[in-house]
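Q: Quick note: the sequence shown uses numbering that gives the first Met the number 0, first residue 0, plus one each step.
There are no misleading hints in this set.
In silico lysine to any residue, SDA-like type, Cα no more than 25 Å apart, as pairs: (1) Lys37 to His53; (2) Lys37 to Asp56; (3) Lys37 to Phe51; (4) Lys37 to Leu19; (5) Lys37 to Val65; (6) Lys37 to Ala24; (7) Lys37 to Arg66; (8) Lys37 to Ala121; (9) Lys37 to Glu16; (10) Lys37 to Leu110; (11) Lys37 to Gly59; (12) Lys37 to Asp118; (13) Lys37 to Glu47; (14) Lys37 to Arg120; (15) Lys37 to Thr55; (16) Lys37 to Ala20; (17) Lys37 to Ala111.
Label-pair restraints from in silico Cβ distances: (18) Gly44 to Arg150: 48 to 58 Å; (19) Ala200 to Glu77: 22 to 32 Å; (20) Asp157 to Phe177: 24 to 34 Å; (21) Leu165 to Glu77: 17 to 27 Å; (22) Phe51 to Ala78: 31 to 41 Å; (23) Ala24 to Val176: 16 to 26 Å; (24) Leu71 to Ala111: 11 to 21 Å; (25) Asp118 to Arg150: 43 to 53 Å; (26) Val176 to Glu16: 21 to 31 Å; (27) Leu202 to Gln173: 19 to 29 Å; (28) Ala200 to Phe177: 14 to 24 Å.
Hints were generated in silico from the structure; no laboratory data involved.
Since the structure is predicted, the reported quantities are computational estimates derived from the model, not experimental observations.
A virtual CB, placed ideally from N, CA and C, is assigned to each residue, including glycine.
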Amino acid sequence: MTGGNRGRGRPGTGVREAILAAAEAILAEAGVARLSTKEIARRAGAAESSIFYHFTDRLGLLQAVVRLHLPLYRDVAEAVVRDAGAGSLRDNLTRLLDGLDAYYRRIAPILAAVQADGDLRARFAERGADGAVGPQRALLPVVDYLAEEQRLGRVRADLDLEPAALLIVGAAYQRAVFRHLSGADAPAVAGARVADALLPALLAR
0 MTGGNRGRGR PGTGVREAIL AAAEAILAEA GVARLSTKEI ARRAGAAESS
50 IFYHFTDRLG LLQAVVRLHL PLYRDVAEAV VRDAGAGSLR DNLTRLLDGL
100 DAYYRRIAPI LAAVQADGDL RARFAERGAD GAVGPQRALL PVVDYLAEEQ
150 RLGRVRADLD LEPAALLIVG AAYQRAVFRH LSGADAPAVA GARVADALLP
200 ALLAR
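All chains, full assembly: derive it from the sequences and hints.
A: Shown next as structure tokens:
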């Protein structure tokens with residue numbers, strides 16, 4: 000059933016998931032240029048009003064798509080924090096970089112859409128200004144991991160943890176962006192090589 004034939008009232012079961020899937024597919028295929036509520040509704044087989052019912056606005060929709068992939072980020076971060084000290088620092092860092100890279104490759108089209116639209120970018124920044132939401136929160140689990148390695152004496156006692164976490168997250172993000180811009184099959188710098196480049200700044204002397 001198309002959006003034009005759907006009756007008024009509360010959207011049916013499964014509509015929210017269909018809208019999210021349609022938005023993600025459009026972003027992956029054509030980018031933000033075709034990310035209109037009309038096109039999303041057509042692809043989802045839903046009424047255009049359902050998008051506003053579930054997500055309030057286009058930014059709310061994009062944030063919901065990002066949240067779909069947050070379990071991957073949490074799984075990666077929690078596993079590395081839990082296993083701090085169990086494996087080598089190099090192996091843990093490589094696993095962290097590869098996990099973050101996988102997460103950022105999934106949400107790269109959404110981030111590109113926000114950056115390409117001045118209104119979306121300004122509103123995204125406004126909503127994240129208090130630190131409760133927004134990309135800065137990506138640093139927190141990495142800081143926790145480094146703090147645990149520091150407590151175990153495997154990371155320098157004088158290491159400034161937030162800048163170090165920023166380097167790790169930034170490296171993973173850049174790997175994902177390069178892959179996104181170059182195509183899914185483009186070769187990437189191996190996580191282990193990135194870890195080797197970062198390790199000298201982290202290791203306890």
